[in-house]
Amino acid sequence: MTAVMVAKGLAKSFGDLVAVDGVGFSINQGETYGLLGPNGAGKTTTISMIAGLLEADEGEVRVGGDLINPRAVTPKRRMGLVPQELAIYPDLTARENLEFFGRLYGMGGSELADRADRVLDVVGLHERQKDLTKEFSGGMKRRLNIGIGLLHNPELLILDEPTVGVDPQSRNAILEAVEELSRAGIAVLYTTHYMEEAERLCDRVGIIDQGKIIAEGTRRELVEMVGEKDRVSISGTGPLAEVVRQLSSTVGVAEAGESESGVTLLVEDSSSHLAAILSTAAQAGMAVSAVEIEQPDLEAVFLHLTGKALRDV
Amino acid sequence: MRNIIHIAAKDLRLRIRDKSVFIIGLIAPLALAFIFNTVFGGAFGDDGSFAPDLGIVETDADQTKSTLEEISSQLGGTWQSFADPSAARIALDEGDVGAVFVVPDTFDDELAGGQIGKIEVLGAIDAVTSTQIAAGIARSYTNSLQTTQVAIASAISAGGDPADIIPAAIDATDRSLISLGEVKADVRQLDTNTSTVAGMAMFFLLFTAQTGLLSLLEERRDGTLQRILSTPTRPASVLAAKSIVSIVLGVFSLVVLILAGIVLMDANWGNPLGVALLVVGGVLAAVGISAVTTGMAKTPEQAGNIQGIVATVLGLLGGAFFPIGQDGGILAQVTALTPHYWFSRGLADLAGGQPASAAFGAVGWLLVIASVTSVIAAVLTRKQVAP
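Chains as they are written, first to last, in my numbering: chain Y, 1 to 313; chain E, 1 to 387.
Bear in mind the hints are in silico, worked out from the structure with no lab data behind them. Values in this document were obtained by computation on a predicted structure and should not be read as measured data. Virtual Cβ for every residue (Gly too), placed ideally from N, Cα, C. Worth double-checking, as some hints may not be accurate.
What the hints assert, rightly or not - Calculated Cβ distances over 10 Å to all of chain E for the following chain Y residues:
| no. | residue |
| --- | --- |
| 1 | Gly52 |
| 2 | Thr74 |
| 3 | Arg77 |
| 4 | Glu85 |
| 5 | Asp91 |
| 6 | Arg200 |
| 7 | Glu221 |
| 8 | Ser259 |
| 9 | Ser289 |
| 10 | Thr306 |
Unchecked claim - Here are the computed distance ranges between Cβ atoms for each label pair:
| no. | chain 1 | residue 1 | chain 2 | residue 2 | range |
| --- | --- | --- | --- | --- | --- |
| 11 | Y | Arg200 | E | Gln302 | 55 to 63 Å |
| 12 | E | Ile330 | Y | Gly108 | 23 to 31 Å |
| 13 | E | Ser20 | Y | Gly109 | 50 to 58 Å |
Stated by the list, open to error - Here are the computed lysine to any residue pairs in the SDA-like style, where the Cα-Cα straight-line distance is at most 20 Å:
| no. | chain 1 | residue 1 | chain 2 | residue 2 |
| --- | --- | --- | --- | --- |
| 14 | E | Lys383 | E | Leu367 |
| 15 | E | Lys383 | Y | Ser270 |
| 16 | Y | Lys8 | Y | Pro90 |
| 17 | Y | Lys130 | E | Ala9 |
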């Protein structure tokens, strides 16, 4: 895998406040990296340094191998930024907004026109391209906000909470667009408060708190890191006490107990052990009618690591 | 460089679309020209000099009456006589006359006896300039009489023949008074509609010039500046683009104002090349000052408030509202620090068919003001383009 963006030892202080303290991570081509953290954790400062908007006190960011800082020009051609707040001109049409930012990236002529058409299709605004954006709904503005970041076909796309305040339909369209980008090989840096978005989109997640990345990895790796287990509920009839006794000694099962409809288990990596568990239950005389698996989510990981629920911060 | 043009073009397009370019570039200067024409149009002569309407209450002091009428007639306004002060006051109240001299019947007789009486000036409340001019004429006349008296006394005591000395002294007195009208071209920047319009134009320009630069703070507030800076665009390019927009709008509005002055007020601005240089210098100075005030502010609203204060103070110091600092001293030096002064001075230097080179000095000082303020602004606005 080729690393499109590499951040090493980023640090930034504002007076006595240490906003970012030694943050480092990389994003590979076609990978979506989620940066999760409570407000004030240092997400925006980190993104600002990666986007070349803010000079780092220490450390460095390289995009496509080129060092990036507020004075850098070349590496900024390789990245697109979708800020959390809408950054579009209400008195320009959707197409004019796209064309203006496209020109700043050095695009022009038929290349710009073709890319604008393509992006308008992707964000579903082709039919409204000649309308002033002040007449758009919030969701349409959000989609255009993202489209501007995509216009120049960046290698790295930075999305800072792109679905805040978006209606469910537009939100789904945005998530589908991000998935499409990932499939197209674009590296995506994604911050969100919505855990389900991170779970759906992100190949890897970094959890940042108090200016430091306190955990990083795939969802499975993070879950294992904090010791969270899958909850497996098996519905059925039979000698449930015996079933529980035998399942308790099955590999991967940490806890087992009876429930109203059958038995409930806490299992490490249920996908690896489910077949053995069901076989054991059947051998113990249980007639299984349904199986439900609840895997621990990033919300639980986040709560475990930071002591705060993500939605509350 | 290309991004500077793209940003400036986008800003101008937005200004056209929200119609502010028409308000700033067309409606405001035309409205100003209309106001100037309404306020000053009827008061100025064909050559742009002020033409006060003056009068006198009938008096037995024929010699003084004749002299005052002769001086007043050279200023180009009307001259009326009134039977008594009451009639004069009615005419003043009705706006038929700007100021009226009241000369005691015994003035000439007392003068022959070595005494100089008092000349009273009645002024209309709405004709301050006419009243000041009339008071100045009266003061100059009595001062010159005192000077003549001293000169005659000195000549006679030195053994001169009174029969030769007195007519020569009277002749000299008349000529010195008449010269009041003749020197007006030299002080044109202080007394004419051109100076008033020039001062107000520069006052107005300070607001116009800020328009482009204000968008820097607006874009910062709206988040689009961050987005621009995330593209391959240097912060200095953003500042340059905003300054270009201010310059374009400033030149446009000033040209409209000047053309409106020609059409509505028959103003004679002077050599076109010289005026063009002054316009460019004035606009650059105004943009420099506006950039400083923008750099001092954190929000567009704050920048607008600061600019209002700065424009008013500079307007007062620069003589946009009324001439100051003519008597020298600290005010004269402070006045010379304002672009208003040099813009008016440059136009005055071009008066009377002078070539464009006559304005080089004023243009140079305007460029000095532009340079100094630009350096200060460059330091102050750095934080505006920082995240």
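Can you name, in rising order, the numbers of the hints this structure does not satisfy? 1, 2, 3, 4, 5, 11, 12, 13, 14, 15 and 16
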